[in-house]
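Protein chains in written order, with this note's numbering: chain A, 1 to 77; chain B, 1001 to 1304.
Relax, there's no trap hidden among the hints.
PhoX-like cross-link-like pairs, simulated, lysine-lysine; straight-line CA separation at most 25 Å:
hint: 1; chain 1: A; residue 1: Lys61; chain 2: B; residue 2: Lys1031
hint: 2; chain 1: A; residue 1: Lys48; chain 2: B; residue 2: Lys1242
hint: 3; chain 1: B; residue 1: Lys1091; chain 2: B; residue 2: Lys1080
What the hints contain is simulated information worked out from the structure, not anything from laboratory work.
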Amino acid sequence: MSSRLSQLVERRYGLAITERSNYYIGATAIGEGWGYKGLIMLGEYDFKYIRAISDTGIVYKSDDYGNTWSTVGNIVT
Amino acid sequence: MAVASNTRAAKRDATTAYVALNYTDGIRIYKTNNCGATWSLVSIQNSLFGYTPDSLCIIPSNPDIVLLMAEDASNSYIFKSVDGGLTFTNKLQIVRNTTGHCRGNFLRFGIGRILAFVPTKYGGINESNFYGYTSDDNGDTWTFRVDAENTTGFPFGSRMSSLVEYATGATCVPGRSDYWGSGTTGVWFLETKNWGESWSVISIYSSGSPDWDTAVVQLLNGDIVISWNGSIYSQPRLYISKDLGATWTLKTPSLSKIDNMTSTKNRLILYSTVGGTIYISDNEGDTVTPVATGIEVVNSFLLF
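Let's have the full structure, built from the sequences with the hints guiding it.
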């Protein structure tokens, strides 16, 4: 966990981060990021495998944090 | 073969995700169990023919629950499935602007409360507005929380592709004023610090109005990044906060548009419809590097 982020939370919200959980919030459409549940931190943020879903259902993939991309195929077959 | 449209995706867990999309027979629900490598058809919602999916929300603690925000020509809806997307029941219906272009979205707070920003009607002009609702029972009932227009004083529109809880109960929703109607333009951030119960305007940029597409992400270092499409400017915009939303800094990265955005660690991943290009930035938009081109319009990113 980022110590600077912990300091930010303490300063702005008066919360001390004392415990960490590996539970993460979920999908990109819902929002990926750091969240806090009382004093328990929610969040993992080491996402290596990225999928881009097009309007027409084409799936593109990157397995290296976005450095290189390739086409997987269409969801509707 | 017909072509799907309006595909929206949401992740359930480390390997599983759902999509909803328009097809010739209605809204179809698909599911992957292998990080998007292959997809299987879950259901065809024939009764939702002519509806457009806005967003999906999956409940990690109950993976059989799937929430679908959708709209038809007159209304916005939230439908709920309790059987993994096989069947859906209408849980919320509000009037939307028939000519509006807003896209709603969900945010699931860490405590389990769900926030839904649902497109609704703004009277008289060619734009839309949002109502914010929360649900504490996984989408069965919804409590009205905010009229974005009344809070900002102006119509409040955007196509928000991602929202994030960046501290306990805290999130911000980016919008923009009416471009076509009132002549008063600007950008707004609505922020809540109490899980959506009350809202305030945290920043106003009044001299211009970026285009519709917005996204909010948070980097590993805690910085919050909001993107706006910049199609009526020469450049798109990023707003960066290094103090959890207390103050914001404007950046104008060197690319033509930002239509969608996600992040991993401290890297921004930006999608632009110009050339169908994916860019990466490891310095919060100071420099951007194109890494792929010819990518069709990206509505959703999934991170595994």
